[in-house]
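Using the sequences provided together with the hints, build the complete structure.
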Amino acid sequence: MKLRNYWNLRDAGAQLWEGSNRKGRVTIALSAIVLVALLPFAGASFLATPIAAYDAVLVYPVGVFVLMALGLNIVVGKSGMLDLGYVAFFAIGAYTMALMGTLTSLNTWQIMPFGIAFAMVAGVLLGLPTLRLRGDYLAIVTLGFGEIVRLIALNSSWTKGPNGIANIPMPPDIGPLEFKLDDQKVFFWVVVVMILLTIWMIRRLSIRRPGRAWEAIRQDEDVAELLGVHTLKYKIWSFSLGAAVGGAAGVLYASKNLFIAPEMFTLNVSILILACVVFGGIGNIWGVVVGATILGYLPDRIRFISDARLLVFGIVLVVVMNFRPDGLLPRKKREKIGERAQARL
Amino acid sequence: MFEVLIDQFWSLTIAGIALGFIYVLISLGYTMVYGVLRMINFANSEIFMWGTFGTVITNRDIFHYTQTSEPAKGWKLALVLISALLMSMFVAALTAVFVEFVAYRRLRMKGTNRLATLISAIGISIALAELMRLLTDSRPVGSPRVLEKMILTEVWGANIRLDTVVTIIAAAIIYILLERFIQLSRMGKAIRAVSQNEDSAKLMGVNLNRVITVTFLVGGLATGAAGFFYITVFEYTKFNIGFTMGLAAFTAAVLGGIGNIRGAFLGGLSLGLLEVYASAVLGTQWKAVTVFIVLVLVLLFKPNGLFGEAVQQTRA
Numbered sequence: 001m002k003l004r005n006y007w008n009l010r011d012a013g014a015q016l017w018e019g020s021n022r023k024g025r026v027t028i029a030l031s032a033i034v035l036v037a038l039l040p041f042a043g044a045s046f047l048a049t050p051i052a053a054y055d056a057v058l059v060y061p062v063g064v065f066v067l068m069a070l071g072l073n074i075v076v077g078k079s080g081m082l083d084l085g086y087v088a089f090f091a092i093g094a095y096t097m098a099l100m101g102t103l104t105s106l107n108t109w110q111i112m113p114f115g116i117a118f119a120m121v122a123g124v125l126l127g128l129p130t131l132r133l134r135g136d137y138l139a140i141v142t143l144g145f146g147e148i149v150r151l152i153a154l155n156s157s158w159t160k161g162p163n164g165i166a167n168i169p170m171p172p173d174i175g176p177l178e179f180k181l182d183d184q185k186v187f188f189w190v191v192v193v194m195i196l197l198t199i200w201m202i203r204r205l206s207i208r209r210p211g212r213a214w215e216a217i218r219q220d221e222d223v224a225e226l227l228g229v230h231t232l233k234y235k236i237w238s239f240s241l242g243a244a245v246g247g248a249a250g251v252l253y254a255s256k257n258l259f260i261a262p263e264m265f266t267l268n269v270s271i272l273i274l275a276c277v278v279f280g281g282i283g284n285i286w287g288v289v290v291g292a293t294i295l296g297y298l299p300d301r302i303r304f305i306s307d308a309r310l311l312v313f314g315i316v317l318v319v320v321m322n323f324r325p326d327g328l329l330p331r332k333k334r335e336k337i338g339e340r341a342q343a344r345l
Numbered sequence: 346m347f348e349v350l351i352d353q354f355w356s357l358t359i360a361g362i363a364l365g366f367i368y369v370l371i372s373l374g375y376t377m378v379y380g381v382l383r384m385i386n387f388a389n390s391e392i393f394m395w396g397t398f399g400t401v402i403t404n405r406d407i408f409h410y411t412q413t414s415e416p417a418k419g420w421k422l423a424l425v426l427i428s429a430l431l432m433s434m435f436v437a438a439l440t441a442v443f444v445e446f447v448a449y450r451r452l453r454m455k456g457t458n459r460l461a462t463l464i465s466a467i468g469i470s471i472a473l474a475e476l477m478r479l480l481t482d483s484r485p486v487g488s489p490r491v492l493e494k495m496i497l498t499e500v501w502g503a504n505i506r507l508d509t510v511v512t513i514i515a516a517a518i519i520y521i522l523l524e525r526f527i528q529l530s531r532m533g534k535a536i537r538a539v540s541q542n543e544d545s546a547k548l549m550g551v552n553l554n555r556v557i558t559v560t561f562l563v564g565g566l567a568t569g570a571a572g573f574f575y576i577t578v579f580e581y582t583k584f585n586i587g588f589t590m591g592l593a594a595f596t597a598a599v600l601g602g603i604g605n606i607r608g609a610f611l612g613g614l615s616l617g618l619l620e621v622y623a624s625a626v627l628g629t630q631w632k633a634v635t636v637f638i639v640l641v642l643v644l645l646f647k648p649n650g651l652f653g654e655a656v657q658q659t660r661a
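Just so you know, the sequences run in chain order X and D. Taking our numbering, I'd label the letters of the first sequence as residues 1 to 345. Taking our numbering, I'd label the letters of the second sequence as residues 346 to 661.
Hints were generated in silico from the structure; no laboratory data involved. Computed from a prediction, not measured in an experiment: that's the story for all the values here. Don't take every hint at face value.
Claimed, not checked - Chain D regions said to be covered by chain X (calculated; three or more residues, Cβ under 8 Å): (1) 419–428; (2) 438–444; (3) 512–518; (4) 643–649.
Claimed, not checked - Okay, the calculated beta carbon distance ranges per label pair: (5) Arg212(X) x Thr589(D): 36 to 44 Å; (6) Ala166(X) x Leu627(D): 25 to 33 Å; (7) Asn542(D) x Ala308(X): 39 to 47 Å; (8) Leu497(D) x Ala166(X): 46 to 54 Å; (9) Asp220(X) x Leu529(D): 51 to 59 Å; (10) Asn107(X) x Leu627(D): 50 to 58 Å; (11) Leu196(X) x Gly456(D): 31 to 39 Å; (12) Phe323(X) x Leu529(D): 49 to 57 Å; (13) Leu298(X) x Gly456(D): 38 to 46 Å; (14) Val312(X) x His409(D): 34 to 42 Å; (15) Leu522(D) x Leu196(X): 42 to 50 Å.
C-beta: ideal position from N, C-alpha, C; glycine also.
This is the structure:
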C-alpha cells in the first residue's frame, strides 16, 4: 500500500496544487514554465542525446509529439473516440504550409490560421458521416482516412508525389529571436507557447459545457443522448478541435523541417501519438505531456544501442502497459467510470 | 480507362481470388481474436510476417534450395511444400500464443481498459517487427523457387498458373478445415460461446483462458498458412511486409463483418478482387485509396459489415 502511494505522483501533484493559494499557484506555474523554457540550455547534462542534436530533438519529436498528443487526447481521452488516423490532420497542416509557403509570399504565422482551418474542415468532413460509428469501426475508418490523405499526397502531381516539397520557408524572426537550423531554441519556445495555449484551451473547455458533454459521451453515449446532449455536435467539435491542434503542429513542423514528403505521415505516427496518450495516462493532460515527452525523447536518448532502440521501445510499451495499464499518471478515479464499462462491451 | 479490365478480366479475376484467399486466412487471425476478445489484434500482421519466414527457412535452410537450383518435382515437391506450409503455420501459431501470453493475458486478467491492451499489442508488434529487422539486417529476403510457375492451361484468354491454382485450392481446404473445426468441435463451440457472451460461457463451465489461447493458436495457424501462400506467389519477404498485408486483411475482416468466420471469407475474397480490379482501372497507386473508400461507404450503410448480420446475430 505504501509503495502504491509513493508511486501516485498524480495525487501528490494535485495535493500541492490544491493546497496552495492563488499566489502559490502562479509561482508554481511560472517556475515550471521557466524550467521548461530553460531546457534547451541543458544540452551538456545527462539529458544530452548521443547522435541527434539535443535542441533539435526537443522540438521534434518531443515538442511536436506533446502538442499532437494533447490534440489527440481531446478526441481519445476526453470524448472516448478511438482515432487511428490523427496523422492526417498533421499532414494537412504540413502540406498547407508547404504549398502556401512555396507558392505564395505569406509567412508561417499568416499560413498558420489556414493550416488550422483546413485541418478543422477536414475534421468536420470526416466527422459528419463517420461519427455515427462507434468503437473499433470508427478506429478503422479514421485509420483509412489517414492512409487516404497520405496516398493522395503520394500520388498527386500538385503535391510533387513521393519527391515531397522542398524549400519551405522558415518562420520570420520575432523581434530579436532568430529562427536557425543549427540552434533550434526559438523553435522550441514557439512549441512551448503552442503547448501552453492548447493546455489552456483544453482546461477551459473541460469545465464548461463542451467538456461536460464529452465526459458524458465518453461514459455512456446512449445515456448522454437521452439526457439531451447533442452527441453528434459535440463529437464533431471534439474531432475538429483535435484536428486543429494537429494542423497547427503540422504547419510548424513543415516550417521547421523545410522539407516534407508523404513517407513522414504514415500510420506509425498516428499509432505513436496514440501510444503517447495511453502511455502517459489517457484523459489526464499532465499524464499525456509526460507520456509524449518520454516516448518522443526515449528513442533518441538510447541511440547508443542504435539499432535495437525501436525493439527496446516496443518492449517498454508492453512492460509499462502491463504494470501500469492506466498510464504513468492516470486520470482521477471518478473519471474512470465508463472505461470499465467499455472494456466489457 | 476500362480497357485493361475488360481485356484481362479473367486473369485479373484469378489473381484476385488467389490474393483474396491469402487475405481470407490473415483476416481469420483478426476476426477470431476479435470474436473472443472484442479487440483488434494489432500484432497479427507481425505474426503473418514471422510466418512467411517459416517457409523461407524451410526452403532455404532445411531443404537447401538456392536461387539457382531447379524447382522440385514429384514427391519431393509435395514434401517440401507441405513441410514449408506446416513450418509457417507452426512459427506463426507459436508467435501468436507468445503474443497472447506476453501482451494480452495479464491485462485481461486485470480487466483494464481496452486502450491499454491495444497499446500493449502495438508494443509487441513493434518489438516483433524490429527483432526480425535486426535478424535480417533490414534486407528483403528472397525465397528460392520451389514450385515451378508453369502455365497449366488457358481459360478465356487467361493463363492459369500452377502457383495460383495451388494457392486457391490449398487455402480453400485450410479455410474449410478451420471453419469445420469452429463449427463442429467442442473447442470450436466453446470459442463461439465465448464470442457470443463471455459471462454466460464462463457460467456454463467454459475454461476462458484455454479458449483464448486456442483462439490465438488457430488464428496463428491460419495466418501462418497465409504466410506460406504469400511466399509461393510473391517469392520474397521483408521485416515490414506485415504492415500492408495486415492492414488489407483487417480491412477485409471489417468489410465482411468482423468477429465472424464467414464474414472473413467473403470479405477477404471481395477485397482481393476489388484490389485487383481497382488497380486495373485506376492504376496500382490508387488501389489502397479505392479499398478504403469502399470500406467507409460499406460501414456507413451497413455498420456491421457487408455480411455481418446475415451470419451472426448482432450482439447486445
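Status of the hints after comparison with the structure:
| no. | hint | result |
| --- | --- | --- |
| 1 | 419–428 | violated (count 0) |
| 2 | 438–444 | violated (count 0) |
| 3 | 512–518 | violated (count 0) |
| 4 | 643–649 | holds (count 3) |
| 5 | Arg212(X) x Thr589(D): 36 to 44 Å | holds, 42 Å |
| 6 | Ala166(X) x Leu627(D): 25 to 33 Å | holds, 28 Å |
| 7 | Asn542(D) x Ala308(X): 39 to 47 Å | holds, 43 Å |
| 8 | Leu497(D) x Ala166(X): 46 to 54 Å | holds, 51 Å |
| 9 | Asp220(X) x Leu529(D): 51 to 59 Å | violated, 39 Å |
| 10 | Asn107(X) x Leu627(D): 50 to 58 Å | violated, 38 Å |
| 11 | Leu196(X) x Gly456(D): 31 to 39 Å | holds, 37 Å |
| 12 | Phe323(X) x Leu529(D): 49 to 57 Å | violated, 41 Å |
| 13 | Leu298(X) x Gly456(D): 38 to 46 Å | violated, 29 Å |
| 14 | Val312(X) x His409(D): 34 to 42 Å | holds, 35 Å |
| 15 | Leu522(D) x Leu196(X): 42 to 50 Å | violated, 59 Å |
Violation of the numbered hints given earlier is confined to hints 1, 2, 3, 9, 10, 12, 13, 15; the remaining hints are satisfied by the structure.
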